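Listed below, chain by chain, are the residues.
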Amino acid sequence: MSATPLLELRGIDKGFGPVQVLRDVNLTVYPGEVTALVGDNGAGKSTLVKCVSGIYAIDSGQIFFEGLPVSVNSPRDAATLGLEVVYQDLALCDNLDIVQNMFLGREKRSGLVLDEPTMEQLAAETLASLSVRTVKSLRQHASSLSGGQRQTVAIAKAVLWNSKVVILDEPTAALGVAQTAQVLELVRRLADRGLAVVLISHNMNDVFAISDRIATLYLGRMAAQVKTTDVTHSQIVELITAGRSGNLGLSENGGPR
Amino acid sequence: MRAGPSQDEVRRQNLGALLRYVHVHGPISRAELTTRLGLNRSTIGALTADLTAAGLVREEAPRGARRAGRPSLVVLPESARVYAYALSIEVDRLRAARVGLGGEVLDERVYDRPRDLRVSEVVGPLSAFVKEMQHAAPDGGRYVGVGVAVAGMVRRHDGLVRLTPKAGWVDEPLSEPLSEALGGDHTVLVGNHADLALMAEHLRGVAVDTEDVIYLHGEVGIGAGIIAHGALITGHGGYAGEVGHMIVHPGGRTCSSCGARGCWESEIGEEALLRALGTDGSGRIPAHQLIAAMRGDPGSHEALRQIGEWLGLGVANLVNIFNPEMVIFGGTLRNLYLTTAAQVRSRLNSLALPASRELLRLRTPKLGEDAALIGAAELAFTQLLADPLGLTSQSP
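These protein sequence lines are chains A and B, in that order.
For the first sequence, my numbering begins at 92 and goes up steadily by one.
For the second sequence, my numbering begins at 196 and goes up steadily by one.
Simulated from the structure, these hints should not be mistaken for laboratory data.
Nothing here was measured: the structure is a model prediction, and the numbers come from that model.
Positions of the beta carbon are idealized from the N, C-alpha and C atoms, including for glycine.
Any given hint might turn out to be false.
Said to hold, decoys possible - Among chain B residues calculated to face chain A with C-beta under 7 Å, some are:
no.: 1; residue: Ile486
no.: 2; residue: Ala487
no.: 3; residue: Asn530
no.: 4; residue: Thr534
no.: 5; residue: Ala536
no.: 6; residue: Ala537
no.: 7; residue: Arg540
no.: 8; residue: Ser541
no.: 9; residue: Arg552
no.: 10; residue: Glu553
no.: 11; residue: Thr559
no.: 12; residue: Lys561
Work the whole structure out from these sequences, hints included.
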């Protein structure tokens, strides 16, 4: 849709000792779109996310944010740029309530004390702006939330902090049908508000339901990045399992075409 | 040749435009209204004063503004005081809501409906709900009208209900008996469920800012609301959008609703889901739990994929005909789409023409199950928004 990618990776290489995990990986992520990142276990999805979010240092390659080259050396750098990662299960602190979780580490103060009313109001406004109707009380502890509600709160946190890129790692794994539907709709709405969303998923229905582009990693290489309106389920499955499908994907010798 | 519009007509137009803006977009400052509506400051001031005097809007000082100068007042709809009743006749339930100006649901009642309940028997519980809510409503409110969404075919000019899937209704008047039961002082406007849900999504849901959009509603049968180039397609008699009876499988099953063979509805409607679950098509699993039941039953996974293929095939036909920018999956189709999207998309991508599908967005409703109710309320608000102060009704 949009001309300038919000996030662009060029030629990312990453190895751990003798093991080369990512080789010459390119990825472009546009605002207003959901880019699905798919690949078999061990294809390098999580490593790629950790490189972008500053947990791992890249060996070579470049990261561009809003068209400008940046270096991401720590998760704090990533947060400053406006990049938020929502992990599958590490998303919330069980012993804190929803408001405390959403403001964790970035609490609002009024003088010496915390400004609870303002934080509660901002949290409520954020959830309402995302049409979230499933959360009853903002003061309930995270431990009492269902899986879907936890994801919802974690995603809303990214919106509250005006993140520009949100990376979601398997947000619907282990959720039931109803909760999966709610989380998928929330992720879609996030992109429709203009954010750039990266969705990591093994579930092809989730991928086809809400993504605009699909990027397939195969053994540490980017096999193809295609528009969701141009491919079929079986083509994506072939890209995941063989690295190519027809004229898509890597060439015979494993290199890019 | 006709002279230009009279002063009164211009005023009515402007009052309508201002009220509609506040109704659709919510609280907004006077300053912003002048830019949005392209009217000057004093006109906005006068119009707002008229609407305030009529009790339709009110003004407040803006919250938390700390800029220099006198802050511009915020105009907001009198949602709690000006309201309409929205009714929804669905296959398995009856719903009634009191909806305030601005689209806020203020009160709601739901009644499980036995499937064989006839029109005459629907009027009773629905009018009872309205009376009950009217009784509970705060004093000093203003009740502007009633809108009804029916999951069936509705004749455009008088709201006659022609056919409701599986309910056995054929040619039943609804608007008149309902209006009579409510005391006869308000007209009751009737619309098709999918059309009204689409209207609501287009006005304040996922399809805002779209000009070409199709809303598919699944319940027992399948229906559609279609907006092409900004206008709702009603058809000559009001029956357009019966996509459930599009033939997708010649020689397929006989459709229990229309009698033809191979209707889309026979492949993706409630009966198809129940059949896939191994029941005879008459089981009593609530529609919203069907997909969850199928996901939990490994035996029906293949059947579910098949149904997804049929869903994609039908959507591909519609995309080739209408070239919409968005297709919305509502009712039972919401879950069906989300759980079979790989099949739906693959089918669509292989059957719809590349040029017709390249910018197509597939979405689920933002207003969820309330879409048709909100749409019915919009129907009831139409007259008020066209002429907020009743300037024309005084000289019929």
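Hint by hint, here is what the structure shows:
The beta carbon of Ile486 (chain B) is positioned within 7 Å of a beta carbon in chain A (closest approach about 6 Å), and the interface hint is therefore held. With 7 Å as the threshold, the beta carbon of Ala487 (chain B) comes within range of chain A, its nearest partner Cβ sitting at about 4 Å, so the hint holds. Satisfaction of the interface hint for Asn530 (chain B) is found here, the shortest Cβ-Cβ separation to chain A being roughly 6 Å, below the 7 Å cut-off. The interface hint given for Thr534 (chain B) holds, since its Cβ lies 6 Å from the closest Cβ of chain A, which is under the 7 Å cut-off.
Interface hint at Ala536 (chain B): satisfied, since its Cβ lies 3 Å from the closest Cβ of chain A, which is below the 7 Å cut-off. Hint on Ala537 (chain B) holds. Least Cβ distance to chain A is approximately 4 Å, under the 7 Å limit. Among the interface hints, the one on Arg540 (chain B) holds; its C-beta lies about 4 Å from the nearest C-beta in chain A, closer than the 7 Å criterion. Hint status for Ser541 (chain B) relative to chain A: holds, with the closest Cβ pair at about 4 Å, below 7 Å.
About 6 Å separates the beta-carbon of Arg552 (chain B) from the nearest beta-carbon of chain A, less than 7 Å, and the hint is met. Because the closest C-beta pair between Glu553 (chain B) and chain A is about 6 Å apart, less than 7 Å, the hint holds. Hint status for Thr559 (chain B): holds, given a least beta-carbon distance of 6 Å to chain A, under 7 Å. The closest approach between the C-beta of Lys561 (chain B) and any C-beta of chain A is roughly 6 Å, which is under the 7 Å cut-off, so the hint is satisfied.
Checked against the numbered hints above, the structure breaks none of them.
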